[in-house]
Amino acid sequence: MRTSRPIVAAVLAALALAPAPGAAQDLSDLAGLLNEPVVSTASKSAETAGLAPATTSVLTSDDLRRHGITSLDEAINFLGLGLLTEPAYGTVEIGARGVLLSGDYGTHVLLLVDGHALNEQWNSTAYYDRNAAIPFDLVDHIEVILGPGSVLYGSNAMLGVINVITKRARDYAGVHLVAEGGVPATGHASIGFGKQVEAFGHTFELTGAIDGYGTRPPLEYGLQPFDGGTWGGDASHGEVAVPSAHLRLVVGDLDIGLRSGLAKRTADHIYGTTFDDPENWERDRWLSLDAKWSRSVGRKLGLSARVYGDLYEYFFVSPFATADDCLEGQATCTMRNLGSSRWAGAEASATVDWREDGRFVTLVGAEVRRSWVHSWLDFRDGDTGEDTRIASYAPAGTTVGAYLQQTLHPARWLSLNAGARLDADPDLGSHLSPRVAAVVPAWRGGTLKAIYSEAFRAPSFFERAYSDTSWIASPDLDPETVRSLEGVVEQRVGALRLRASGFRTGWQDLVLLADATPGQVAAAIARGELAAGTTDAYVYENASRVNSYGLNADLDGSALGQRLRYGAGVTVARSRREGDGDGGSERLAAAAEVFGNARVSWVPGGRRPFLSLAARFVGPRPVSHTDFDPTPEAGAQVELRAALGGSLGGGLGYQLAGSWSSDGKTAYAVGPAREALPGYDEQALLPRARFQLMAGLRFDR
Amino acid sequence: MRSTRLLKLAAAIAFTAATSARADDVPVPINLQADLLYMIVGHDRNLAARAGGTVHTLVLTKSGDEGVRASARFRSAAAAKAAVAGLPHVVEVEQYTTPAALADACRTRHIAIVWLSPGFSGAEAAAIGHALAGVSVLTASASPAVVHKGIVLGFDLSAGRTRILADLTQAAKQHVAFGPDVLGLMAVSR
Chain Z
0 MRTSRPIVAA
10 VLAALALAPA
20 PGAAQDLSDL
30 AGLLNEPVVS
40 TASKSAETAG
50 LAPATTSVLT
60 SDDLRRHGIT
70 SLDEAINFLG
80 LGLLTEPAYG
90 TVEIGARGVL
100 LSGDYGTHVL
110 LLVDGHALNE
120 QWNSTAYYDR
130 NAAIPFDLVD
140 HIEVILGPGS
150 VLYGSNAMLG
160 VINVITKRAR
170 DYAGVHLVAE
180 GGVPATGHAS
190 IGFGKQVEAF
200 GHTFELTGAI
210 DGYGTRPPLE
220 YGLQPFDGGT
230 WGGDASHGEV
240 AVPSAHLRLV
250 VGDLDIGLRS
260 GLAKRTADHI
270 YGTTFDDPEN
280 WERDRWLSLD
290 AKWSRSVGRK
300 LGLSARVYGD
310 LYEYFFVSPF
320 ATADDCLEGQ
330 ATCTMRNLGS
340 SRWAGAEASA
350 TVDWREDGRF
360 VTLVGAEVRR
370 SWVHSWLDFR
380 DGDTGEDTRI
390 ASYAPAGTTV
400 GAYLQQTLHP
410 ARWLSLNAGA
420 RLDADPDLGS
430 HLSPRVAAVV
440 PAWRGGTLKA
450 IYSEAFRAPS
460 FFERAYSDTS
470 WIASPDLDPE
480 TVRSLEGVVE
490 QRVGALRLRA
500 SGFRTGWQDL
510 VLLADATPGQ
520 VAAAIARGEL
530 AAGTTDAYVY
540 ENASRVNSYG
550 LNADLDGSAL
560 GQRLRYGAGV
570 TVARSRREGD
580 GDGGSERLAA
590 AAEVFGNARV
600 SWVPGGRRPF
610 LSLAARFVGP
620 RPVSHTDFDP
630 TPEAGAQVEL
640 RAALGGSLGG
650 GLGYQLAGSW
660 SSDGKTAYAV
670 GPAREALPGY
680 DEQALLPRAR
690 FQLMAGLRFD
700 R
Chain E
0 MRSTRLLKLA
10 AAIAFTAATS
20 ARADDVPVPI
30 NLQADLLYMI
40 VGHDRNLAAR
50 AGGTVHTLVL
60 TKSGDEGVRA
70 SARFRSAAAA
80 KAAVAGLPHV
90 VEVEQYTTPA
100 ALADACRTRH
110 IAIVWLSPGF
120 SGAEAAAIGH
130 ALAGVSVLTA
140 SASPAVVHKG
150 IVLGFDLSAG
160 RTRILADLTQ
170 AAKQHVAFGP
180 DVLGLMAVSR
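In order, the protein sequences belong to chains Z and E.
Heads up, the first sequence is in numbering that gives the first Met the number 0, so the first residue is 0 and it goes up one at a time.
Heads up, the second sequence is in numbering that gives the first Met the number 0, so the first residue is 0 and it goes up one at a time.
Honestly, the hints are just simulated from the structure, not real lab data.
Glycine is no exception: its CB is placed at the ideal position from the N, C-alpha and C atoms.
Heads up, some of the hints might be wrong.
[Stated by the list, open to error] A partial selection of chain E residues facing chain Z, derived with a Cβ cut-off under 7 Å:
hint: 1; residue: L35
hint: 2; residue: M38
hint: 3; residue: A71
hint: 4; residue: R189
[What the hints assert, rightly or not] DSS-like, lysine-lysine: derived pairs with alpha carbons at most 30 Å apart:
hint: 5; chain 1: E; residue 1: K148; chain 2: E; residue 2: K172
hint: 6; chain 1: E; residue 1: K61; chain 2: E; residue 2: K172
hint: 7; chain 1: E; residue 1: K61; chain 2: Z; residue 2: K194
hint: 8; chain 1: Z; residue 1: K43; chain 2: Z; residue 2: K299
hint: 9; chain 1: Z; residue 1: K43; chain 2: E; residue 2: K172
hint: 10; chain 1: Z; residue 1: K299; chain 2: E; residue 2: K61
hint: 11; chain 1: E; residue 1: K148; chain 2: E; residue 2: K80
hint: 12; chain 1: Z; residue 1: K43; chain 2: Z; residue 2: K194
hint: 13; chain 1: Z; residue 1: K263; chain 2: Z; residue 2: K43
hint: 14; chain 1: E; residue 1: K80; chain 2: Z; residue 2: K43
hint: 15; chain 1: E; residue 1: K172; chain 2: E; residue 2: K80
hint: 16; chain 1: Z; residue 1: K194; chain 2: E; residue 2: K148
hint: 17; chain 1: Z; residue 1: K299; chain 2: E; residue 2: K80
hint: 18; chain 1: Z; residue 1: K291; chain 2: E; residue 2: K61
[Claimed, not checked] Cβ pair distances, simulated, as ranges:
hint: 19; chain 1: Z; residue 1: D113; chain 2: E; residue 2: P179; range: 35 to 45 Å
hint: 20; chain 1: Z; residue 1: R607; chain 2: E; residue 2: P179; range: 16 to 26 Å
hint: 21; chain 1: E; residue 1: G85; chain 2: Z; residue 2: A365; range: 49 to 59 Å
Build out the structure end to end from the sequences listed, making use of the hints.
Rendered as structure tokens:
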């Protein structure tokens with residue numbers, strides 16, 4: 000206490016003695032304020048990113064278009080801070096600040112579209128590339144919250160929260176057509192519209208888009224021995240097809256969103272005993288509805304309510320050409336896996352502005368969600384066509400969450416935010432996720448921020464309920480948890496914003512697939528879950544921990560009347576996993592500990608073309624899904640992209656975008672051989688396209 | 000038959016909810032609006048002459064919960080600006096009655112800036128713009144929807160960043176003259 004008073008006094012004195020700004024400085028500050036993102040995800044209320052109780056980045060539609068970016072992973076990698084994606088099996092995996100949990104199906108990040116969670120309820124899966132099935136032309140901006148966010152959003156918000164905000168009708172008025180294609184064989188088309196009308200004394204806004212994307216890149220897979228022959232070579236059947244649609248109606252403060260999507264992709268790299276087989280594929284389908292309403296009641300009180308419902312289905316087909324991969328008695332077979340979930344929920348919240356000036360505001364809310372899941376796994380005999388189902392389950396559950404957040408602005412130089420959310424589930428118990436943040440605009444243009452936050456991920460229905468002939472169900476899994484401590488310093492110098500942060504996170508009870516102990520196997524046999532005589536089985540356990548610390552830094556700004564925009568970001572982290580059986584600590588598979596990006600764009604205005612350049616760097620990381628010892632390492636990688644576009648007049652525009660990667664391999668093992676074999680001493684890695692060139696036209700009227 | 004009834008009920012609820020909501024919205028945080036506004040007014044060449052020694056801001060409220068709430072927040076943020084463009088600053092709050100009364104208040108009390116709370120309709124904004132033609136005063140609105148209907152300045156959010164909207168035709172009518180540098184940072188209509 001004694002030491003804090005002189006510091007506060009010194010800060011106050013510095014503020015008082017700060018020179019009055021001149022006109023040029025004032026103009027520069029004005030440009031800086033206009034450059035400051037306005038976010039609403041971190042605290043569920045609009046505020047500048049600098050005052051938000053989290054490290055927040057905003058990826059704007061302007062930047063997306065300037066850089067020719069049309070998917071979430073490209074946006075995260077080239078424009079974001081702290082998050083990255085790694086191209087994996089048919090989709091990408093996502094990590095943040097040195098932590099990427101390979102094989103997690105995106106469950107450690109909460110993905111929202113206009114506040115509606117896309118993580119489904121069977122296995123909490125979310126996609127962060129084209130497979131997310133988000134019509135990208137409709138995206139206004141993307142808010143990225145780094146670090147735990149369960150305080151307001153509940154489960155899954157461990158690495159961060161990504162909120163994709165779609166355009167309002169006033170920003171998307173008219174009809175918008177996009178058609179583009181390129182090499183490797185890729186096509187994309189989109190039809191969008193926005194209309195705002197005044198009727199019955201109210202404003203009606205309608206926006207929507209239908210989007211179709213497809214790609215069929217020829218890729219070369221490294222050869223590897225398999226079943227007396229070889230696996231790999233040139234693949235020509237790799238394919239991704241993603242149609243999606245989004246409709247949004249806003250009437251006053253009633254905001255209704257309807258979304259549907261389908262993502263189908265070949266999957267012979269996952270269980271690839273047949274190579275380049277177009278009959279080996281997986282598919283996701285979604286349908287969701289979300290209706291929000293809010294309004295002020297009196298001078299102090301704001302109310303909001305939300306109801307939502309979702310349908311999701313995952314289907315996977317994999318033909319196996321050898322008896323070893325099939326059930327006993329089957330010479331060849333086709334494995335089929337269905338995972339579907341339905342969920343519906345309601346959320347209500349109230350905001351109380353006690354002093355009516357925004358300085359002392361309480362947010363209280365509650366959410367209830369009911370989920371139903373259905374899943375099965377079967378093997379169809381290649382000769383008889385007979386199906387044998389080895390796993391089937393259909394659980395349901397209800398979760399209830401309640402949250403409280405208090406914001407306090409006692410002075411212009413101090414902003415406090417404290418809150419907690421309690422989530423309860425009859426099967427999982429309850430979990431409390433607190434957050435405390437202090438923001439101190441300590442000097443002219445400078446801000447200090449300190450954040451402590453916790454988050455959790457409830458084990459999915461799949462992790463708790465799945466069992467088969469060699470897999471024991473794990474109904475007693477505990478939630479995974481993470482604690483994070485973060486310090487941020489931010490400085491605005493005119494239109495340039497600089498930010499640096501240090502963080503430390505501790506992850507506990509991470510769910511890991513482990514070999515069942517003899518005792519667990521015996522108990523499962525006694526319960527009738529495993530057949531008598533079974534000796535080996537798998538089981539999910541809360542077995543792993545991760546400790547991580549590091550630094551983030553970024554800058555962004557504009558010059559020349561905002562025609563020139565630039566930015567860069569870098570993350571350096573050290574992350575180690577413990578508790579997965581060998582007693583030591585090890586790096587996380589596919590998790591880069593150094594990565595970053597830089598970008599610059601020039602938009603001269605009028606009909607003159609815009610230009611942009613962006614680069615991305617990813618450091619070396621251990622290969623995932625391999626049993627080679629020692630674990631091989633995927634090398635550092637640089638990706639470059641350039642875009643050029645402009646107007647042709649009459650509402651017609653054009654765009655060219657190209658990208659190049661220094662490496663044609665990912666950090667993921669591929670094929671049936673995952674360990675050293677005679678004549679096979681280097682792990683084959685999943686290939687990726689090194690070059691891409693896209694050309695497109697758009698029409699806005 | 001039952002599903003038809005349910006649909007009708009849902010439509011009725013939706014329409015009731017919609018019609019009871021405010022017709023306007025405030026995309027940019029009020030504090031940020033205040034910061035931006037008082038930076039901008041320093042670039043109005045006629046501010047000093049209009050202010051006559053003290054900058055008077057009039058916070059014009061409209062009946063309605065949202066307007067009152069936003070007004071309180073703006074007043075608090077504006078009152079923290081002890082000086083504007085080097086001149087002493089005073090903030091007053093008043094409920095809107097008629098365009099003529101507003102114009103009269105601006106003339107007689109040397110109001111330099113009028114900030115309109117949410118809730119003003121396009122027709123009211125047009126009437127205010129008409130009444131203030133020839134009166135030296137800068138009008139700004141919490142809501143972007145009324146800027147091109149008779150209000151000089153407004154604040155909108157586009158792609159996650161704030162955009163200042165300015166109607167230069169109305170600005171000229173109200174003797175507001177921004178310098179070219181600051182106009183380069185605005186979305187201007189003439």
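Here is what the structure says about each hint:
{"no.": "1", "hint": "L35", "result": "holds (6 Å)"}
{"no.": "2", "hint": "M38", "result": "holds (4 Å)"}
{"no.": "3", "hint": "A71", "result": "holds (4 Å)"}
{"no.": "4", "hint": "R189", "result": "violated (17 Å)"}
{"no.": "5", "hint": "K148/E <-> K172/E", "result": "holds (13 Å)"}
{"no.": "6", "hint": "K61/E <-> K172/E", "result": "holds (24 Å)"}
{"no.": "7", "hint": "K61/E <-> K194/Z", "result": "holds (28 Å)"}
{"no.": "8", "hint": "K43/Z <-> K299/Z", "result": "holds (17 Å)"}
{"no.": "9", "hint": "K43/Z <-> K172/E", "result": "violated (40 Å)"}
{"no.": "10", "hint": "K299/Z <-> K61/E", "result": "holds (16 Å)"}
{"no.": "11", "hint": "K148/E <-> K80/E", "result": "holds (28 Å)"}
{"no.": "12", "hint": "K43/Z <-> K194/Z", "result": "holds (27 Å)"}
{"no.": "13", "hint": "K263/Z <-> K43/Z", "result": "violated (34 Å)"}
{"no.": "14", "hint": "K80/E <-> K43/Z", "result": "holds (27 Å)"}
{"no.": "15", "hint": "K172/E <-> K80/E", "result": "holds (27 Å)"}
{"no.": "16", "hint": "K194/Z <-> K148/E", "result": "holds (19 Å)"}
{"no.": "17", "hint": "K299/Z <-> K80/E", "result": "holds (24 Å)"}
{"no.": "18", "hint": "K291/Z <-> K61/E", "result": "holds (25 Å)"}
{"no.": "19", "hint": "D113/Z <-> P179/E: 35 to 45 Å", "result": "holds (38 Å)"}
{"no.": "20", "hint": "R607/Z <-> P179/E: 16 to 26 Å", "result": "holds (20 Å)"}
{"no.": "21", "hint": "G85/E <-> A365/Z: 49 to 59 Å", "result": "holds (50 Å)"}
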